[in-house]
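S.K.: From just these sequences and the hints, can you work out the full model?
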Amino acid sequence: MRGLLNLIQTEFLKLRRRKFVWFMLSTSLIMPFLALLYFNYFGKKDIEPMQFYKMSAYGFTLFIILPIVLGMLCTMLMREENQYDMLKQLWIVPVSKMGYLLSKFFVVFVYSICFMLITAVASVIFSVIPGYVALEWGSILNLLEKCIIIGVLSAFVMLPILAIAASQKGYILPACVTLVYAFSGFILMSINAYLHPISSMALIVICNNDIPGVVLKQEMNIPFAFLCIGIWDIVALLLSNIALKRRK
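Numbering (the numbering used here), first residue to last: 64 to 311.
Incorrect hints may appear among the rest.
Said to hold, decoys possible - Okay, derived cross-link-like pairs now, DSSO-like style, lysine-lysine, Cα gap no bigger than 30 Å in a straight line: (1) K82 with K160; (2) K160 with K77; (3) K107 with K117.
As the list claims (entries may be wrong) - Per label pair, the in silico range of CB-to-CB distance: (4) Y257 with I188: 33 to 43 Å; (5) S253 with G293: 19 to 29 Å; (6) V215 with F287: 37 to 47 Å; (7) L100 with Q281: 43 to 53 Å; (8) L302 with R142: 12 to 22 Å.
Think of the hints as simulated: they come from the structure by calculation, not from any bench.
These figures come from a predicted structure and were not determined experimentally.
Think of the CB as a built atom: it goes at the ideal place given N, C-alpha and C, for glycine as much as any other residue.
M.R.: The structure is reproduced here in C-alpha coordinates:
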(Lines of atoms letter the chains of each structure in order from A; the text may use other names.)
(Lines give C-alpha, C1' and ligand atoms only; values in the text may rest on other atoms or scores of the structure.)
Protein backbone atom coordinates (compact mmCIF):
# COMPACT_ATOMS: atom_id res chain seq x y z
CA MET A 64 0.00 0.00 0.00
CA ARG A 65 2.82 2.38 0.89
CA GLY A 66 4.48 1.63 -2.44
CA LEU A 67 1.28 2.52 -4.30
CA LEU A 68 0.98 5.81 -2.40
CA ASN A 69 4.57 6.66 -3.29
CA LEU A 70 3.83 5.97 -6.95
CA ILE A 71 0.75 8.22 -6.83
CA GLN A 72 2.75 10.99 -5.17
CA THR A 73 5.45 10.66 -7.84
CA GLU A 74 2.87 10.89 -10.63
CA PHE A 75 1.45 14.14 -9.27
CA LEU A 76 4.95 15.57 -8.85
CA LYS A 77 5.71 14.76 -12.49
CA LEU A 78 2.55 16.57 -13.59
CA ARG A 79 3.98 19.83 -12.27
CA ARG A 80 6.45 19.81 -15.18
CA ARG A 81 3.75 19.28 -17.80
CA LYS A 82 2.15 22.66 -18.39
CA PHE A 83 0.00 21.34 -21.23
CA VAL A 84 -1.79 19.04 -18.76
CA TRP A 85 -2.92 22.07 -16.80
CA PHE A 86 -3.78 23.95 -19.99
CA MET A 87 -6.15 21.10 -20.94
CA LEU A 88 -8.24 21.93 -17.87
CA SER A 89 -9.24 25.16 -19.59
CA THR A 90 -11.23 23.12 -22.13
CA SER A 91 -13.75 22.58 -19.34
CA LEU A 92 -14.87 26.17 -20.03
CA ILE A 93 -15.70 25.55 -23.70
CA MET A 94 -19.29 24.35 -23.40
CA PRO A 95 -20.34 26.70 -20.55
CA PHE A 96 -19.03 29.61 -22.63
CA LEU A 97 -20.76 28.38 -25.81
CA ALA A 98 -23.99 27.97 -23.83
CA LEU A 99 -23.64 31.58 -22.70
CA LEU A 100 -23.14 32.75 -26.30
CA TYR A 101 -26.06 30.64 -27.52
CA PHE A 102 -28.63 31.98 -25.06
CA ASN A 103 -27.23 35.50 -25.40
CA TYR A 104 -27.62 35.35 -29.19
CA PHE A 105 -31.29 34.42 -28.95
CA GLY A 106 -31.83 36.86 -26.09
CA LYS A 107 -33.50 34.28 -23.90
CA LYS A 108 -34.17 35.04 -20.23
CA ASP A 109 -35.67 33.07 -17.35
CA ILE A 110 -34.24 29.83 -18.72
CA GLU A 111 -34.83 26.60 -16.87
CA PRO A 112 -31.54 25.77 -15.09
CA MET A 113 -31.48 22.21 -16.42
CA GLN A 114 -31.88 23.51 -19.98
CA PHE A 115 -28.72 25.60 -19.63
CA TYR A 116 -26.79 22.90 -17.79
CA LYS A 117 -27.77 20.32 -20.38
CA MET A 118 -25.80 22.26 -22.96
CA SER A 119 -22.95 23.38 -20.70
CA ALA A 120 -22.22 20.15 -18.80
CA TYR A 121 -24.25 17.14 -19.95
CA GLY A 122 -23.88 17.26 -23.73
CA PHE A 123 -20.64 17.42 -25.67
CA THR A 124 -18.64 17.74 -22.45
CA LEU A 125 -19.74 14.28 -21.39
CA PHE A 126 -19.53 12.58 -24.79
CA ILE A 127 -16.65 14.28 -26.58
CA ILE A 128 -14.59 16.88 -24.72
CA LEU A 129 -13.88 15.08 -21.44
CA PRO A 130 -13.17 11.66 -23.06
CA ILE A 131 -10.73 13.24 -25.53
CA VAL A 132 -9.00 15.24 -22.79
CA LEU A 133 -8.69 12.17 -20.55
CA GLY A 134 -7.47 10.11 -23.51
CA MET A 135 -4.73 12.67 -24.13
CA LEU A 136 -3.87 12.61 -20.44
CA CYS A 137 -3.62 8.80 -20.44
CA THR A 138 -1.29 8.95 -23.43
CA MET A 139 0.90 11.61 -21.85
CA LEU A 140 1.14 9.72 -18.57
CA MET A 141 2.43 6.64 -20.35
CA ARG A 142 4.40 8.07 -23.27
CA GLU A 143 7.57 9.26 -21.52
CA GLU A 144 8.21 6.02 -19.65
CA ASN A 145 7.33 3.87 -22.67
CA GLN A 146 9.41 5.93 -25.07
CA TYR A 147 12.62 5.78 -23.00
CA ASP A 148 12.09 2.23 -21.66
CA MET A 149 11.92 3.51 -18.10
CA LEU A 150 9.64 0.60 -17.22
CA LYS A 151 12.66 -1.70 -17.05
CA GLN A 152 14.05 0.40 -14.21
CA LEU A 153 10.69 0.41 -12.41
CA TRP A 154 10.43 -3.38 -12.54
CA ILE A 155 13.86 -3.63 -10.84
CA VAL A 156 12.70 -1.54 -7.82
CA PRO A 157 10.38 -3.61 -7.83
CA VAL A 158 7.01 -2.08 -8.71
CA SER A 159 3.98 -4.26 -9.29
CA LYS A 160 2.40 -4.04 -12.73
CA MET A 161 -1.07 -3.35 -11.32
CA GLY A 162 0.31 -0.84 -8.81
CA TYR A 163 1.97 1.04 -11.63
CA LEU A 164 -1.25 1.11 -13.68
CA LEU A 165 -3.41 2.04 -10.69
CA SER A 166 -1.15 5.01 -9.89
CA LYS A 167 -1.77 6.33 -13.40
CA PHE A 168 -5.49 5.63 -13.06
CA PHE A 169 -5.69 7.58 -9.80
CA VAL A 170 -4.22 10.65 -11.52
CA VAL A 171 -6.85 10.33 -14.28
CA PHE A 172 -9.53 9.89 -11.60
CA VAL A 173 -8.61 13.08 -9.73
CA TYR A 174 -8.11 15.02 -12.96
CA SER A 175 -11.52 13.97 -14.27
CA ILE A 176 -13.31 15.10 -11.11
CA CYS A 177 -11.46 18.44 -11.10
CA PHE A 178 -12.39 18.95 -14.77
CA MET A 179 -16.09 18.45 -14.06
CA LEU A 180 -16.02 20.60 -10.92
CA ILE A 181 -14.60 23.46 -12.99
CA THR A 182 -17.33 22.82 -15.57
CA ALA A 183 -19.97 22.99 -12.82
CA VAL A 184 -18.63 26.25 -11.40
CA ALA A 185 -18.34 27.79 -14.87
CA SER A 186 -21.89 26.69 -15.74
CA VAL A 187 -23.25 28.46 -12.66
CA ILE A 188 -21.21 31.62 -13.23
CA PHE A 189 -22.06 31.89 -16.94
CA SER A 190 -25.76 31.30 -16.32
CA VAL A 191 -26.57 33.05 -13.03
CA ILE A 192 -24.44 36.20 -13.20
CA PRO A 193 -25.74 37.31 -16.67
CA GLY A 194 -29.27 36.64 -15.41
CA TYR A 195 -30.21 33.83 -17.76
CA VAL A 196 -30.88 31.41 -14.92
CA ALA A 197 -32.30 32.18 -11.50
CA LEU A 198 -30.16 31.32 -8.50
CA GLU A 199 -31.65 28.06 -7.22
CA TRP A 200 -29.58 26.06 -4.76
CA GLY A 201 -31.49 22.89 -5.56
CA SER A 202 -30.53 23.12 -9.23
CA ILE A 203 -26.92 23.97 -8.39
CA LEU A 204 -26.61 21.01 -6.03
CA ASN A 205 -28.14 18.77 -8.68
CA LEU A 206 -25.62 20.08 -11.22
CA LEU A 207 -22.77 19.50 -8.78
CA GLU A 208 -23.96 15.97 -8.06
CA LYS A 209 -24.21 15.05 -11.73
CA CYS A 210 -20.83 16.58 -12.53
CA ILE A 211 -19.18 14.57 -9.76
CA ILE A 212 -20.87 11.41 -11.07
CA ILE A 213 -19.61 12.18 -14.57
CA GLY A 214 -16.11 12.87 -13.26
CA VAL A 215 -15.96 9.61 -11.29
CA LEU A 216 -17.45 7.41 -14.01
CA SER A 217 -15.39 8.99 -16.80
CA ALA A 218 -12.18 7.79 -15.16
CA PHE A 219 -13.45 4.21 -15.24
CA VAL A 220 -14.85 4.67 -18.74
CA MET A 221 -11.40 5.73 -20.00
CA LEU A 222 -9.57 2.78 -18.44
CA PRO A 223 -9.49 0.93 -21.81
CA ILE A 224 -7.64 3.91 -23.34
CA LEU A 225 -5.17 3.88 -20.44
CA ALA A 226 -4.60 0.18 -21.10
CA ILE A 227 -3.93 0.85 -24.79
CA ALA A 228 -1.53 3.68 -23.92
CA ALA A 229 0.29 1.32 -21.52
CA SER A 230 0.85 -1.21 -24.28
CA GLN A 231 2.24 1.28 -26.83
CA LYS A 232 5.51 3.20 -27.00
CA GLY A 233 4.10 5.84 -29.32
CA TYR A 234 1.19 8.23 -28.96
CA ILE A 235 -0.39 8.07 -32.42
CA LEU A 236 -2.38 4.86 -31.90
CA PRO A 237 -3.76 5.80 -28.44
CA ALA A 238 -4.69 9.25 -29.77
CA CYS A 239 -6.51 7.81 -32.79
CA VAL A 240 -8.26 5.17 -30.68
CA THR A 241 -9.37 7.92 -28.26
CA LEU A 242 -11.11 9.82 -31.06
CA VAL A 243 -12.83 6.69 -32.37
CA TYR A 244 -13.75 5.65 -28.84
CA ALA A 245 -15.34 9.01 -27.99
CA PHE A 246 -17.33 9.45 -31.19
CA SER A 247 -18.49 5.82 -31.27
CA GLY A 248 -19.87 6.24 -27.75
CA PHE A 249 -21.84 9.27 -28.94
CA ILE A 250 -23.20 7.39 -31.97
CA LEU A 251 -24.11 4.21 -30.07
CA MET A 252 -26.17 6.21 -27.59
CA SER A 253 -29.02 6.23 -30.11
CA ILE A 254 -28.52 2.61 -31.18
CA ASN A 255 -27.68 0.52 -28.13
CA ALA A 256 -26.27 2.34 -25.12
CA TYR A 257 -25.24 -0.88 -23.39
CA LEU A 258 -22.52 -1.64 -25.93
CA HIS A 259 -20.21 1.25 -25.07
CA PRO A 260 -18.97 2.60 -21.70
CA ILE A 261 -19.52 6.26 -22.64
CA SER A 262 -23.14 5.74 -23.67
CA SER A 263 -23.70 3.56 -20.60
CA MET A 264 -22.32 6.36 -18.42
CA ALA A 265 -24.73 8.78 -20.06
CA LEU A 266 -27.64 6.51 -19.10
CA ILE A 267 -26.51 6.53 -15.48
CA VAL A 268 -26.34 10.33 -15.51
CA ILE A 269 -29.87 10.75 -16.92
CA CYS A 270 -31.42 7.92 -14.88
CA ASN A 271 -33.72 10.35 -13.04
CA ASN A 272 -35.23 11.62 -16.32
CA ASP A 273 -34.65 15.20 -15.20
CA ILE A 274 -32.81 16.43 -18.30
CA PRO A 275 -35.23 18.01 -20.81
CA GLY A 276 -35.23 16.94 -24.44
CA VAL A 277 -33.58 13.56 -23.85
CA VAL A 278 -35.60 10.76 -25.45
CA LEU A 279 -34.38 7.18 -25.22
CA LYS A 280 -35.28 4.57 -27.82
CA GLN A 281 -34.64 1.73 -25.39
CA GLU A 282 -35.62 0.76 -21.89
CA MET A 283 -33.33 2.17 -19.23
CA ASN A 284 -31.50 -0.49 -17.22
CA ILE A 285 -28.90 0.98 -14.87
CA PRO A 286 -27.42 -2.40 -13.74
CA PHE A 287 -26.74 -3.22 -17.40
CA ALA A 288 -25.01 0.15 -17.80
CA PHE A 289 -22.70 -0.55 -14.85
CA LEU A 290 -22.14 -4.08 -16.16
CA CYS A 291 -21.04 -2.71 -19.53
CA ILE A 292 -18.49 -0.39 -17.91
CA GLY A 293 -17.30 -3.16 -15.60
CA ILE A 294 -16.76 -5.69 -18.41
CA TRP A 295 -14.77 -3.22 -20.50
CA ASP A 296 -12.63 -2.30 -17.46
CA ILE A 297 -11.93 -5.92 -16.49
CA VAL A 298 -10.87 -6.77 -20.04
CA ALA A 299 -8.71 -3.63 -20.15
CA LEU A 300 -6.97 -4.53 -16.87
CA LEU A 301 -6.28 -8.08 -18.02
CA LEU A 302 -4.88 -6.98 -21.38
CA SER A 303 -2.78 -4.20 -19.85
CA ASN A 304 -1.37 -6.61 -17.26
CA ILE A 305 -0.36 -9.00 -20.05
CA ALA A 306 1.19 -6.17 -22.07
CA LEU A 307 3.17 -4.85 -19.08
CA LYS A 308 4.47 -8.32 -18.21
CA ARG A 309 5.91 -8.61 -21.70
CA ARG A 310 7.78 -5.33 -21.25
CA LYS A 311 10.69 -6.67 -19.18
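S.K.: Failing hints, ascending?
M.R.: The structure conflicts with hints 6 and 7, although it agrees with all the remaining ones.
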